[in-house]
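Chemist: Take the two lone chains, each set in its own frame, and fit them into one complex as the hints suggest.
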Amino acid sequence: MAAEGNAKPAKKLSLKENYALLTRGLGWEPSYEKKEDIFRTIDFEGVVIHDWDKWEDPFRLTMDAYWKYQGEKERKLYAIIDAFQQNNGQFNVTDARYVQALKVFINGITELEYLSHRGFNMLAREFPGVGPRIAAQMQSLDELRHATTQIHTISQYAKYFTGMNEFPYQFDRVWYLSIPKSFFEDAVTSGPFEFIVAISFAFEYVLTNLAFMPWMSGAAFNGDMATVSFGFSAQSDEARHMTLGIEVIKFLLEQDPANVPLVQKWIDKWFWRGYRLLSLLATMMDYMLPKRVMAWNEAWEIYYEQNGGALFADLARYGIKPPKRAPETIAEKGHVAHQMWSVFYANRDAVGFQMWLPSEEEMAWMSEKYPDTFDQYYRPRYEYWKAMEAAGTPFKNTTLPQLCQVCQWPCLFTDSGDPTTLSLRETEYQGQTFHMCSDGCKDIFDDTPEKYVHAWLPVHQIYQGNCFLPGVDPTAPDFNPMYEALRYMGIKPGVDNGDFKGGADATNWEKWTSRPANIHEGAYTDAVRDSHIKS
Amino acid sequence: MPIKAITPDYHGDFKDGVEKFNGNQLVNIHWEKHLMFAWPMCVPLPPGMPFGALIEGVLPGIFGAHPNFKQIDWNAVEWKTSKGPFKPDLAKSLSDNGIGHKTTISFRTPGLNGVNGNAVC
Numbered sequence: 012m013a014a015e016g017n018a019k020p021a022k023k024l025s026l027k028e029n030y031a032l033l034t035r036g037l038g039w040e041p042s043y044e045k046k047e048d049i050f051r052t053i054d055f056e057g058v059v060i061h062d063w064d065k066w067e068d069p070f071r072l073t074m075d076a077y078w079k080y081q082g083e084k085e086r087k088l089y090a091i092i093d094a095f096q097q098n099n100g101q102f103n104v105t106d107a108r109y110v111q112a113l114k115v116f117i118n119g120i121t122e123l124e125y126l127s128h129r130g131f132n133m134l135a136r137e138f139p140g141v142g143p144r145i146a147a148q149m150q151s152l153d154e155l156r157h158a159t160t161q162i163h164t165i166s167q168y169a170k171y172f173t174g175m176n177e178f179p180y181q182f183d184r185v186w187y188l189s190i191p192k193s194f195f196e197d198a199v200t201s202g203p204f205e206f207i208v209a210i211s212f213a214f215e216y217v218l219t220n221l222a223f224m225p226w227m228s229g230a231a232f233n234g235d236m237a238t239v240s241f242g243f244s245a246q247s248d249e250a251r252h253m254t255l256g257i258e259v260i261k262f263l264l265e266q267d268p269a270n271v272p273l274v275q276k277w278i279d280k281w282f283w284r285g286y287r288l289l290s291l292l293a294t295m296m297d298y299m300l301p302k303r304v305m306a307w308n309e310a311w312e313i314y315y316e317q318n319g320g321a322l323f324a325d326l327a328r329y330g331i332k333p334p335k336r337a338p339e340t341i342a343e344k345g346h347v348a349h350q351m352w353s354v355f356y357a358n359r360d361a362v363g364f365q366m367w368l369p370s371e372e373e374m375a376w377m378s379e380k381y382p383d384t385f386d387q388y389y390r391p392r393y394e395y396w397k398a399m400e401a402a403g404t405p406f407k408n409t410t411l412p413q414l415c416q417v418c419q420w421p422c423l424f425t426d427s428g429d430p431t432t433l434s435l436r437e438t439e440y441q442g443q444t445f446h447m448c449s450d451g452c453k454d455i456f457d458d459t460p461e462k463y464v465h466a467w468l469p470v471h472q473i474y475q476g477n478c479f480l481p482g483v484d485p486t487a488p489d490f491n492p493m494y495e496a497l498r499y500m501g502i503k504p505g506v507d508n509g510d511f512k513g514g515a516d517a518t519n520w521e522k523w524t525s526r527p528a529n530i531h532e533g534a535y536t537d538a539v540r541d542s543h544i545k546s
Numbered sequence: 256m257p258i259k260a261i262t263p264d265y266h267g268d269f270k271d272g273v274e275k276f277n278g279n280q281l282v283n284i285h286w287e288k289h290l291m292f293a294w295p296m297c298v299p300l301p302p303g304m305p306f307g308a309l310i311e312g313v314l315p316g317i318f319g320a321h322p323n324f325k326q327i328d329w330n331a332v333e334w335k336t337s338k339g340p341f342k343p344d345l346a347k348s349l350s351d352n353g354i355g356h357k358t359t360i361s362f363r364t365p366g367l368n369g370v371n372g373n374a375v376c
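Read top to bottom, the protein sequences are chains Z and W.
Under my numbering, the first residue of the first sequence carries the number 12, and numbering increases by one thereafter.
Under my numbering, the first residue of the second sequence carries the number 256, and numbering increases by one thereafter.
Keep in mind the hints are simulated off the structure, nothing from the lab.
Honestly, I wouldn't trust all of these hints.
[Said to hold, decoys possible] Sample of chain W residues facing chain Z (criterion: CB under 7 angstroms; computed from the structure):
hint: 1; residue: D268
hint: 2; residue: F269
hint: 3; residue: D271
hint: 4; residue: W294
hint: 5; residue: P295
hint: 6; residue: C297
hint: 7; residue: V313
hint: 8; residue: N323
hint: 9; residue: K325
hint: 10; residue: V370
hint: 11; residue: V375
hint: 12; residue: C376
Because the structure is a prediction, the values reported are computed rather than measured.
By construction, the Cβ of each residue, glycine as well, lies at the ideal position given by its N, Cα and C atoms.
One chain only, chain W, in its complex shape (with noise of 0.2 angstroms):
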């Protein structure tokens, strides 16, 4: 049902149009059962970066703090978004990888789940 307003047919602005962001999208990152980071993490990044490079250059940034990071086997991480699994090509940009404005990448380290293997940090 369309929405009740003074105006007629009224739609507000969409505020975070891809085209705001000065080149860049935005990408949402979560890694599920480190709840140290309970949230995903939002950081602007090139559409055309490889997805190599942002493992490579994006991701200790963000979760370098952990002691599980360097411990990770990039070959076995589990990727998925809300579209399901995905396995990436790290050679490939992140837009040749289905990675759009917005999307929230979800990755799970098979065997690293928190500190001395609890979630909850």
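Just chain Z, same shape as in the assembly (with noise of 0.2 angstroms):
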């Protein structure tokens, strides 16, 4: 004992040494298999790699620092979820409307965190460089805890409101959450390179802020805290993200120039799907706050055109270009918003949140907002709707809509040139015709068609037959398609769906709140005139 006690500690590794024993240090050169039968996905791409340590971690986190982090940031959080669910939380929101925004993004967004946990995983595996292979790990688990934090603070809501109770089941069924499932699945089947340019680039570097920042401080300023201490726990993961998709980006340009062309165009590609898919955040913003912190456009002005056109000023020296279809974003970010609304709208009985049309007070802001566009374009169509629903005679689609190859919206979008004529492309393709909402997602097709004629467009399954429940027997006298193919994607109708006003969620906040559901309309319910009696 006492010769233990006499010798010298080891000596205290520098923090610089630490980091390589446990990083690059955990990396091992193969014995008895060869390389090549171990990374088995890392060539076909085309991508040129001569060598991996040339990567610079941006992170310097090893992984037992990682974990204590993230062991700090989610004692912070869960405690502050704790205290929102027994305060009643969820009633301290602005109005019943901002719910609904809750629902689309469980139904829609979570299961994107947990796909990308899948894709980060793969990665972890695939890549041959340690430095990247960590980094991939981590985001993993950063995702992962994004979808688990995501559901366990939105379960409160899940609680008092409709439509959320079935998400898993619904991403894989719900027609309109086809547009974030295909993006993502169209990412994870991808080689690692395209993947990690995809999400960790395009995604996440050129396009995250515009999900994080203008959505959570609007969840600060309607009161949702559990959505913003979910928002900023998640922040600093984030940030970390955003680093790793700029350094992907260096290091393929670096090693070699035939990586250049094969970059570009993965960024002009995934540029566009990442587009689309945010343009459901652009209504979410505009139209489901009922307090809102900037607009679209303003969003798009800011963390697109200039932080964007900067980060590709300072790509430029690479040879790489700003995003092919980037100009039509810029011509369509004063009119994306209303036509996804309208679309919402006019379907409302088909998804699985409820709607309204914008209050006077919304439609004076939005005309100050958009002042070369909705007064023109937008307001006389819900002027129109307000007059028929004042008439008993509401407006409400009923044909289901001709989708997008690609992005699997509805062929929704108009010609930057003529807002009052759509944007409709086709394709022949092997004698077959497909159809694409814009020249961004024809591109895409055209490029790679061998993938895109598999699309599950959930359209085309519905007329195949294949969205009924076991049991439905579609030749029965009183078979109602629309009607059964709203149970089997998991929304109940008449409950999930339809007009807010009336609804399930509007009239249980005023007999729960006492106030309005709807913060520009007042009250819909004797609950909230009572109570105001009463006080």
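Modeler: Here is the structure:
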């Protein structure tokens, strides 16, 4: 014992040595298997990597430190979630319309976190370099954490409001949820380099601030402290993911000039796919937040036109150009949120949340924010629809839409030169016709039709008879295909969908809080009027 | 350039061949300058259905809620597909009028361009 006591303590490693041992030092050269048998998916995309050790780890984070930091974040977050639940925080949000936006989030976004977890898990196995493997492993765990924290946070809302209790089931079945699903499954089924350019760079680095900054500010502004808390808990992870995105691009471009055209093609494709996905956010920001923080076009100007402009100016030295279809996104920025809300409103019996027409106050805001488009192209439509509601003959569309083969949105977008003409594109491929919503989606289809002919388009699947529950007889005299398709999707007809006013969420909200379900329209029910008289 | 995939000569199955629609074909229909219906509508129809039956039996169910619909003079309607304008023979079938699986038909109604002449609704 004495001898041990006299031994000098082991020299404390410097941070740099510690980092090197706990990252690069974890790799090894295989001795009894060939490298190409271990890393089988690394060559087919045509990317050339000369030296994986040139990878500059942007995080300088070791796995033991990672667990420590994440553990602390989790403890803080769950303390807040507990307090939120105990204080019935779900009733502190602005009104019950805000909750409809959470439904889009839990049903459409949370599963993307999970798919991202899977994608990065695969990269952590597939990359031969130790640095990027560890980075991918950490991000994989981050994404899993984001999925679980979102589910836990929103579960409190699900106890009180409709349409949030079937999210994994709905994600694989609901017609408009095939939009986010197909986006991420396209990425996950690409090669590892395309995946990391798609998700780490095009999505996380170029576009994710759009999802994060205005959306989380919007949650805070509308009193949703639970969502803000998971947002902030995730934000330091997101900063790390963005750093990974820019490192990936620089590494690929510096390794070999042959990588430049491949990276450019992936940037063009995934910027467009990411933008089309985020159009959903445009309508959430402009229409579903009762108190708004900024308009979609303002967000696009700050987070893409200014920040993205600076980024691509910086990448020009590698021979990288801004995304091919960026001009279309700028031309559309005054339209896209309004076009999307119109589609959801018209099809409100076929969605898993409840819909309303914008109030006078909201339309005045939109006129101010969108002076070149709203009054001319969208206000007249809403005013006509309001008149139809007032006349007792509200407008509802009853026919399924033509979908884009690539992004899977209905073909609802207009030509940038003429907002009263739809931007319909089609391609003949091996004797069959395929429809696209835009030149951006047509570029993608035409480049790899082999992949997109296989797309699971909900409208076509419904018409093929593949979207009904077992035991449903499509030949029965009282067969109602719309009703049965909704049941298959996990949407409860007459409960989850339809008009906000008179719906379960609005009615319960007023009963439970004595506050108006729509702050712009006053009370819908006596629950609010009574309480005001009493007080 | 062919797709790059792990499997050589990868090609996804065609998910929406006409043979999968139980004897029907898909037809997409878009009424131009009536953006209350701001996307083409997709319906399964028998290829042998006369074009006239499309007008009389199918279109009212899709577009009938629009106040312009009852005023349409079907003789004056201008029809087109991606292949260009065409004049349908109402007695002949969709197939004989050149309407195949997944064809998108756009039609324009001269003089009727939306509620109060405003194409946005």
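Chemist: For every hint, state whether the structure bears it out.
Modeler: We went through each hint and held it up to the structure:
The closest approach between the C-beta of D268(W) and any C-beta of chain Z is roughly 6 angstroms, which is under the 7 angstroms cut-off, so the hint is satisfied. A distance limit of 7 angstroms between C-beta atoms decides the matter here; for F269(W) the minimum to chain Z is near 5 angstroms, and the interface restraint holds. For D271(W), the shortest C-beta to C-beta distance to chain Z is roughly 5 angstroms, which falls under 7 angstroms, so the interface hint holds. Interface restraint check: W294(W) against chain Z, minimum CB-CB distance 4 angstroms, threshold 7 angstroms, status holds.
Interface restraint check: P295(W) against chain Z, minimum CB-CB distance 4 angstroms, threshold 7 angstroms, status holds. Proximity of C297(W) to chain Z holds as hinted, the smallest CB-CB distance being about 5 angstroms (cut-off 7 angstroms). Because the beta carbon of V313(W) sits about 9 angstroms from the nearest beta carbon in chain Z, more than 7 angstroms, this interface hint is broken. With a cut of 7 angstroms, the hint placing N323(W) at the interface with chain Z is violated, because the nearest CB-to-CB distance is about 12 angstroms.
Using the Cβ-Cβ criterion of 7 angstroms, the hint placing K325(W) at the interface with chain Z is not satisfied: the shortest such distance is roughly 14 angstroms. Checking V370(W) against chain Z: minimum C-beta separation of about 5 angstroms stays under 7 angstroms; hint holds. Below 7 angstroms, beta-carbon pairs count as interface contacts, and V375(W) has one with chain Z at about 5 angstroms; its hint therefore holds. Interface hint at C376(W): satisfied, since its Cβ lies 4 angstroms from the closest Cβ of chain Z, which is below the 7 angstroms cut-off.
The structure shown violates the earlier hints numbered 7, 8, 9.
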